[in-house]
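Visitor: With chain V fixed as given, assemble chain B onto it according to the hints.
Sequence lines, in order, name chains V and B.
Residue 508, in the numbering used here, is where the first sequence stops; the numbers in between run on with no holes.
Residue 708, in the numbering used here, is where the second sequence stops; the numbers in between run on with no holes.
These are calculated hints, taken from the structure and not from any lab test.
Incorrect hints may have been included.
Derived, one-sided and incomplete: chain V residues facing chain B with beta-carbon distance under 10 Å [said to hold, decoys possible]:
no.	residue
1	244
2	307
3	462
4	466
5	490
Over 12 Å on every C-beta distance to chain V, these chain B residues come out as not near it, computed from the model [to be verified]:
no.	residue
6	49
7	80
8	223
9	434
10	645
11	654
Some chain B residues well away from chain V (every beta-carbon gap over 12 Å; in silico) [as the list claims (entries may be wrong)]:
no.	residue
12	193
13	593
14	692
Ideal Cβ positions, reconstructed from N, Cα and C, are used throughout, including at glycine.
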Amino acid sequence: MDLLTLITFSPLVGVLAILFLPKNSKDAARTVAAAATFIPLVLATKMWMDFDTTTAAYQFVERVPWITSLGVDYHVGVDGLSVPLVWLTSLLLFLGVFASWKIEQGVKGYMMLLLLLEVGINGVFCSLDFFLFYVFWEIMLLPMYFLIGIWGGPRREYAAIKFFLYTLAGSVLMLLAIVGLYLAVDGRLESPFSIPELSALVSSGQLTGSNLVNEGVLFGWPFLKWVFVFLFIGFAIKVPVVPFHTWLPDAHVEAPTAISVILAGILLKLGTYGILRINLGMFPNVAPDFAFIGAMLGLIAIIYGACVAMAQTDFKRLVAYSSVSHMGYVLLGACAFTNEGLNGAAMQMFTHGTSSALLFLIVGVAYDRAHHREIDGFGGLAKLAPVYLGVTSIGMFAALGLPGMSGFVSEALVLFGAWQTYPVMASLAVLGIVITAAFILWTLQRVFLGPLNEKYDSENFPDVTGRELFTMIPLAFLCVLFGVVPGILLDILAPTMTQLTAALGGGG
Amino acid sequence: MDMLPFDVNTLTALCWALFVIPFACAFTLINFGRKLPRGGDWLATAGIASCAVIAITLFFKVIVGFGAPEWAWSSAAYGLSWDWISLESLQLPVGFYLDNLSVIMLTMVTIVATCIFFFSQGYMHGDRDYPRFFAYLSYFCFAMLGLVVVDNLLFLFIFWELVGVGSYLLIGFYYDQEEPPKASLKAFMVNRVGDVLFLLGIIIAWQLVGTLNYTEMFAVLESGAFADRTGWALAGWDTQTLLTLSGILIFCGAISKSAQVPLHTWLPDAMAGPTPVSALIHAATMVAAGVFMVGRMYPYFTPDALLFITGIGALTALIGATMGLVMWDIKKVLAYSTMSQLGYMMLGLGVGGYVAGLFHLITHAFFKACLFLGSGSVIHSVHSQDMRDMGALKNKMPWTYRTFLVATLALAGVPCFAGYYSKDQIVANALSWGLSHGVAYYVPFVFAVVGAFMTTFYMFRLVFLTFHGTPGDQHKYEHAHESPAVMVLPLVVLAIFGIGAGGTIHPLAEHGNLWFNRLVPEPASAAVAGLEHVGADTSVHGESYETYLEHFEHNLHVAHYPALIVSILAIVLGILLARRMYLTKATDPAAVARKFGPLYGIVCNKYHFDDMYGRKGVVGGLMFMNRAFAWFDKNVVDGIVNFMGLAQRFIAFVTGLFDKYVIDGLVNFWRFFVRALSSILRLVQTGNVRDYLTWTLLGVLILAITLA
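For reference, chain V alone in the conformation it holds in the complex:
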């Protein structure tokens, strides 16, 4: 077995181990889960180290025939876009286990689902076969549904079902598109689901031969346009792009802290990953027709998300909406079709992954102590928890895109890129930066500064514990590291993004 297979499936060993643990062995389950998520983290780090940044080709490729009658392969491989995301997944799942340490009910089941989730997510990022991609995509959906639906807050069932149905609707569209593509390929590829081969075929315009493509005109739109739109909506739901976003705040508010961390940190990136890898990578001929709409949706998400976030009174809801806003930059940058924009978009996926994960951990700390999330119900906590304030400041400054923090680099790149194609949109997007700064610092002020809320004292609101710090410090460190030395990340992204820019015929 090779590296990517090991990274993807090693958590399954943990699942098996937990399965055979005695019924009430909570600590053992936690420890096993920690170990089982540590293995992929180590392997993913090794993968990052060994990754050759001079080429845009897929690396660590494995390919074994799987369902021969359909031509489906077990085909995995990574490029500059997926390597950082696989690594981030492995990191956040590892930290997620520690963030879940206080879960007391059904620990075994919880940890098993968490590990299964990791298999699904890393599987999606590594898949180079569209069928396999879809399988992993669905695998990831179920653990998430149960994690929110069983271990969530008071409205967990509503949130879980909303999440499930929404994502399922997206999956259905994706499935339709995949089946459509399969039929369109019409036997011209030995592996009709292979993403690289399919991309080459579609982008070279050779898919025009078949009947489906030629005559498959529906409501005046050619076949490929429909495939593109179906896939786009499928991914947009996951991002989520306004107006498909309302499942996100509900899911976040009800989900336990670690699940929110994973949801904001990685699951949302699956959507933009799909847009970059499939929508843009596979359909560079169709994508320009939708670039303007895509950029517009990105801009709307940036401003609308920030405005709605500012109106929230619930700390976690606020952070959830800020995610909507921040993911808008990814879309705006990607749809600019410029090298800076695409690099910025890919980088924003990672930087938002670290900063939003950190913010959800921060919210979790406050919730664990105060058992509520009303922003105005705190106040003056700086006095009780200076270390907590310190970490929070890093997370919040990273989220508002302060220079020296990773978010600044990615947002600036997006703006540099977007301005070349859509100067007016890029100019309006800075409005989002201002509003983001406003609601983040306003929140900081209401929670930490000013006179201390009398409800709290050092008894019921102690400073962060070592375990909490252990989950937050790595993320805070990454926020600073990639802000100071963005080259570490950009070096790995750049070849892939340059190739994508060239495919899209973009300048920059």
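Guide: This is chain B only, laid out in the frame that chain V set:
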């Protein structure tokens, strides 16, 4: 170019040291400050003092040693840049850039900062968060010094925002009170508005010239080789318009950072921070960073952009001064004074007085820091910021009084004091600008002179109310005392610079002979050169730009003495009026205020800028928009989703009924039908052989009949 004070590696190391040392101090103090003896103040002070030593060494080696106005050193030229971002289409290498201006700036910043670190040891003594204060101060110095030494616009922007964070942290230093956190939020947000516009300006600049390194930018611009990235057309805007636009947007950063109208409102509120902070950040260094940036980017600004800068500067100089007239809070007076003086600097730069504006930045830093620290000394002593509680303090605090008076004279621009040499040049440049352009262009000059009068008036009002006359609050007066040596000595040092920073005490010294004028020559406008290359129209009133510059130079000589006489008249008038109203009390200030009635009201309400931005203005509008969007999100977007969920359930219910009563009903009907049928047929199935035989016989009979 190759004239270097040290070898290249040493020079690079020194640049690193300048901002790494304060950062290391900040990092140490924030983490371990409480464990160090004296809260680690000695570490922070030693850190900044060593930076001062480096800066002063550079100053002497470069400025005194070479005396060459065109000295500059760029680490990029030695291949020492670091590829911060290196994409195929966007390279952002970063390195260090030093020239006379930045060396002078470094020297000023480190000397003022060192004085303020010492002063703070006395002022903040016994504070609960003493180590944190020094940590923040050190952090601020890190960002400020970084801002000066970097060689490109994007890194200037990065440090620019980082000094903003330093300001945010220090304004909100007393975090458990009501006001400071609000003031710090306001400061950050107002600056954020300017900063995003600045960022947009940087992006457009990069589009135009394809690089952000200062030297390269100007070189590209001068050659007119605008990057072909300008292939897109923004509503058909040409290069000239875009260049002006980006210049103005870049200046927008300075509008907020240097408290220019209309983004100045954060500065007075920022006085909620401890007074040494006001001295360091909100008087001497950070707010001056905007002026420094405009100076750095000077060749980039087109004449139109400079006109914009002039207008903003002139307005700020006057508006700031008027608000200084009516304040009772000693720090607020100084804050508005700072705003007004920053306006002078911008005005100077805008009209073409590059040297004058930047010179004023340096001299002003020393005496304004002295004034703020002096006010801090007073506040420390009487525990009040209201000047009506003070009075007659010169007996109790002789050294504070003397240094304060020196700094006041310097600020007023009294001949022989440092401020005189720089401010006088600004006024002369403004007059020359008017002479070169025509009648309507005398406005900046008039504003500058009126501003000078007001400056003198409010400063002497402050001095008379605070140090002269009778005690406003007897109890406070009794307890007033001179501050300890650790606070007084920095005042003395700064006061000495308040006299000495002009480099001469000759009242009629030729401007061209002043040390600053000799060492910091005005750069040629790369923007004009570049625009001429691409055939744009750069003429001024029908004559070429070069001819205009010659006229301006000529007029500057003509303007020197008239400007000088008018300013001195304004100063004398200001002092006399202040004396009449606040010392001899021959005129009642309240009566004057009544005479100016509505005007006085507007000034007291700070021209309603705060109302315009506040909960009933911009912020209110934003909040309304937020709530509207949130309502829309909850009720419309999510409403549709929930409605669809409900609709689904309704459909499910209906299908359920259909299933139960129609489909299942059909099934049941069949069952019923079959059963009914069978119950009829069962009647035939009797099990009796005779019955069956009878039926069979009957059947055979029927068959026989039909077949026959």
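Visitor: Give a verdict on every hint.
Guide: Going through the hints against the structure:
Because the beta carbon of residue 244 of chain V sits about 9 Å from the nearest beta carbon in chain B, less than 10 Å, this interface hint is met. With 10 Å as the threshold, the beta carbon of residue 307 of chain V comes within range of chain B, its nearest partner Cβ sitting at about 4 Å, so the hint holds. For residue 462 of chain V, the interface hint is violated, the least distance from its beta-carbon to any beta-carbon of chain B being 18 Å, above 10 Å. Among the interface hints, the one on residue 466 of chain V is violated; its C-beta lies about 16 Å from the nearest C-beta in chain B, farther than the 10 Å criterion.
Given the 10 Å rule on beta carbons, the hint for residue 490 of chain V holds: about 6 Å separates it from the nearest Cβ of chain B. Non-interface status of residue 49 of chain B relative to chain V is upheld: no Cβ of that chain comes within 12 Å, the nearest being about 25 Å off. In this structure residue 80 of chain B is separated from chain V by more than 12 Å, as the shortest Cβ-Cβ distance comes to about 16 Å. Residue placement check: residue 223 of chain B keeps its beta carbon more than 12 Å from all beta carbons of chain V (closest about 22 Å).
With a closest Cβ-Cβ approach of about 35 Å to chain V, residue 434 of chain B is found to remain outside the 12 Å limit, as its non-interface label requires. With 12 Å as the threshold on Cβ separation, the claim that residue 645 of chain B sits away from chain V is violated: the shortest Cβ distance comes to roughly 8 Å. Its beta-carbon lying about 19 Å from the closest one in chain V, residue 654 of chain B satisfies the requirement of being farther than 12 Å from that chain. For residue 193 of chain B, the requirement that its beta carbon stay farther than 12 Å from each beta carbon of chain V is not met, with the minimum near 6 Å.
Its beta-carbon lying about 35 Å from the closest one in chain V, residue 593 of chain B satisfies the requirement of being farther than 12 Å from that chain. Non-interface status of residue 692 of chain B relative to chain V is upheld: no Cβ of that chain comes within 12 Å, the nearest being about 59 Å off.
The earlier numbered hints that this structure contradicts are 3, 4, 10, 12.
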